[in-house]
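Asker: Here is what each chain is made of, one letter per residue.
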Amino acid sequence: MLWVALELPALPLQIAERAGASRDPLVISEGPEQRPVVVCANEAAVAAGVREGQAVAAAKALAGDLRVLPRNPEAERQALERLAAWAAQFTPMSCVDGQGIVLEVESSLKLFAGHAKLSSAIRRGIHELGFHAAIGIAPTPLAARLFARAEARGLQVRSCLELAGLRERVVDLPLFLLDWPAETLAHLTDLGVLRLRDMLELPTEGVARRFGPAIAVCLGRLMGTLADPRVPYAPPPRFRSRLELPAEADGVEALLFPLRRMLVEMEGTLRGRGAGVQQLVLWLEHGRKLRTRVDLEFASPEREADFILSIAREKLGRITLSAATIALDLRADALLTYAPRESTWLPGAREQAIGRERLIERLAARLGRERVFGIAIGDDHRPDRNWKTVSGTISREIVPDTVFAERPTWLLNRPQRLITRGDTPSVQGDLSFIAGPERIESGWWDGAEVRRDYYMAANPRGETFWIFREHRGDQGWYLHGVFA
Amino acid sequence: MRATVAQLAQLPGVWRGGELEHAAKPVVATGYDALDRELPGGGWPTGTLTEVLHDAVGIGEVSFLAGALARACVDDRLIAWIDPPHLPYAPALAHSGIALERCLVVRPAHREDSLWAAEQALRSGACGAVLFWLAHDEYAWLRRLQMAAEAGRAMAVLFRSTAAERLSTPAHLRVALAREEGALQIRIPKRRGPPLAAPITLSIGRSSAPGSPAIFAPAHPVLVAVA
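Just so you know, the sequences run in chain order A and B. Under this note's numbering, the first residue of the first sequence carries the number 1, and numbering increases by one thereafter. Under this note's numbering, the first residue of the second sequence carries the number 1001, and numbering increases by one thereafter.
Derived by calculation from the structure, the hints in this document are not laboratory data. Bear in mind that the values here come from a model prediction, so they are computed numbers and not experimental data. Any given hint could be a false lead.
[As the list claims (entries may be wrong)] Keeping only pairs whose Cα atoms sit at most 16 Å apart, straight-line, the calculated EDC-like set for lysine to aspartate or glutamate is:
1) Lys315/A - Asp333/A
2) Lys315/A - Glu1021/B
3) Lys388/A - Glu1101/B
4) Lys315/A - Asp295/A
5) Lys1190/B - Asp1033/B
6) Lys289/A - Asp333/A
[To be verified] FRET-style restraints, in silico, Cβ to Cβ:
7) Asp295/A - Gln1007/B: 44 to 50 Å
8) Ala339/A - Leu1196/B: 40 to 46 Å
9) Arg385/A - Ala1151/B: 52 to 58 Å
10) Ile1204/B - Ser391/A: 41 to 47 Å
11) Ala1151/B - Gln279/A: 54 to 60 Å
12) Arg385/A - Ala1198/B: 23 to 29 Å
13) Gly473/A - Arg1037/B: 39 to 45 Å
14) Ala339/A - Ile1204/B: 43 to 49 Å
15) Ile1204/B - Asp384/A: 24 to 30 Å
Ideal placement from N, C-alpha and C gives every residue a C-beta, glycine not left out.
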């Protein structure tokens, strides 16, 4: 077994600054309402002299324009769960652990070509999500977490791949990196036990008797002598993510950067499930319960963040927002099976089909679905009805094997009444008949009965039209098509 | 290093006056030998704009491209019709051999959108042919389309009025159409090669003798006037 632990230091602050770092001092507060204390402070606040553990009142005295956000343990838990769901793209065994997640990656090493490549892929992914994490790699989850915490504190730790080498890697690490109760740690400090080296030299039974069995079990799990089973996080069968913006965003462009972070998170989650989404709802929240809904729909399940972002960009470019946006909420309620796209070195038929669908999606996103369509032959002999539009994606339709007389390239939306001189119709000059008549009639079954004689006729300029004489009603001449 | 004239002529975009350019990109045969002979590379170019200038409508300005369109959509590529003046009529397209399931009609609401749609279609590489009718003539916009066409590999045809002949164009090829005595006359005001001496005449489409019998045999009952 090989475990990768991700530790997210100052998680509450990371969540608050995920949509973009704020330049003003910002702290996260915790504790009783009367005397909240600072749990994390951003760079600007630290530069002003604010420290962790300070009272918020003292911090406010140090930095005048200090923004204080209360700590939200629920949001932290959700963020870690979503991170675990996102990490499912690397391994099926990912779970929330402390202020981070742990992944079992032994079985994924081959796919990602080694632990170094895998951990750099994870690092890159975390960065794209808008988080930063310290990474520890070890044969047990607790040791991996220990290494990650050590890295977060700036200690140099080399990852350990074999259980045999674990002892020598951990012995120099301080005990306070472990999640032990403060009084236990204080007690051990009094005894002069500061590092794991000292701890591991103590007899196990004595440790269990004096500090409680939990401590002994923890040491056993850390060193791999006791089993440490974990339950993989099972994400709900939908995707939801909400991101608060660091400042009110007026335009649409400013939304794309935070939106991309959410889409990357969604892509990882979907990858882990082998799923894609066909419908997405993006809510732009403006505050005071005002929000704007943006629907994103695709012809087939999609998950690539950059593609979805390009569609969203076109959609967002079309709307005018009534107010500035303060938060984004992305929801996908149905996760569908995703058919992975094979990629080839040479662009072939499959590649074309993908480009084709993508092109249609993109056009439809900006212009509207009704403005982008395919055409097909309809099941009728009347000219108005023997064609039809088919929606965006083009399926291979069976073309009825009907021999048609020559038909015009353009069909007018509705026939246009022609002026006649005597009994000769004219379109910028008298028309002379080239072919016809072709009688097209009937249609009593749907109430749109026609009785027309169609002719092909040209004017002196050589412009050729498809005209007909109406035999019902006004007996007039009409223009219906152009032989362009 | 000295290059001989023969070597220079091998460079893309370099050709001798009096000869046609050797097209670097594949061309789509027009289906008319007389026309193929006069076009660089022997057909409609891909990856660059082609302008078709015409004033009269209904002279066969679209159907003379039909053979090339049928060939352009091989390997499953699309034929995009962007903002056509009327609806392309499915039976006519099917009749001329164009695969209907490859046709994509785009009817944007305004001119910025049609320019954008044309650009997207050209760039995507998913289109074998892009036909567009734009209601504006600004050189800068055409230049943008030319760039987009170079990025893709579609046969890109822009339909304009002959008034545009006086204006300069970034397109590499320009043909002007007129109907004379029942035949389609094609002039080539711009091509990468020597000027065309006499217009090409293609007798395509319908016979123009008035009153001649119908030239088709429809499946359903049709009254045919016999001369």
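Asker: So the hint says 39 to 45 Å: do the beta-carbon atoms of Gly473/A and Arg1037/B match that?
Answerer: 52 Å Cβ-Cβ, so the 39 to 45 Å window is violated.
Asker: Go ahead and decide if the range 41 to 47 Å is satisfied by the Cβ distance of Ile1204/B to Ser391/A.
Answerer: 34 Å, violated
Asker: Take the C-alpha atoms of Lys315/A and Asp295/A, compute the straight-line distance between them, and say whether it is at most 16 Å.
Answerer: Answer holds: Lys315/A to Asp295/A is near 8 Å, not above 16 Å.
Asker: Is 54 to 60 Å right for how far apart the beta carbons of Ala1151/B and Gln279/A are?
Answerer: 31 Å, violated
Asker: Quick one, are Lys1190/B and Asp1033/B close enough, alpha carbons at most 16 Å?
Answerer: 19 Å, violated
Asker: Verify the proposed pairing of Lys289/A with Asp333/A, using a straight-line Cα cut of 16 Å.
Answerer: Outside the cut-off at roughly 22 Å; violated.
Asker: Would the pair Lys388/A and Glu1101/B pass a check requiring their Cα atoms to be no farther apart than 16 Å?
Answerer: 12 Å, holds
Asker: At the C-beta level, are Arg385/A and Ala1151/B separated by a distance inside 52 to 58 Å?
Answerer: Given range 52 to 58 Å: violated, Cβ gap about 40 Å.
Asker: Note whether the CB distance of Ala339/A and Leu1196/B lies within 40 to 46 Å or breaks it.
Answerer: Violated - the Cβ-Cβ distance for Ala339/A and Leu1196/B, about 51 Å, lies outside 40 to 46 Å.
Asker: Can you confirm whether the C-alpha distance between Lys315/A and Glu1021/B stays at or below 16 Å?
Answerer: Violated - the C-alpha atoms of Glu1021/B and Lys315/A are around 43 Å apart, more than 16 Å.
Asker: Holds or violated: 24 to 30 Å for the Cβ distance of Ile1204/B and Asp384/A?
Answerer: 27 Å, holds
Asker: Do Asp295/A and Gln1007/B keep their Cβ atoms within the hinted range of 44 to 50 Å?
Answerer: 59 Å, violated
Comparing the model with each numbered hint stated earlier shows that hints 1, 2, 5, 6, 7, 8, 9, 10, 11, 12 and 13 do not hold.
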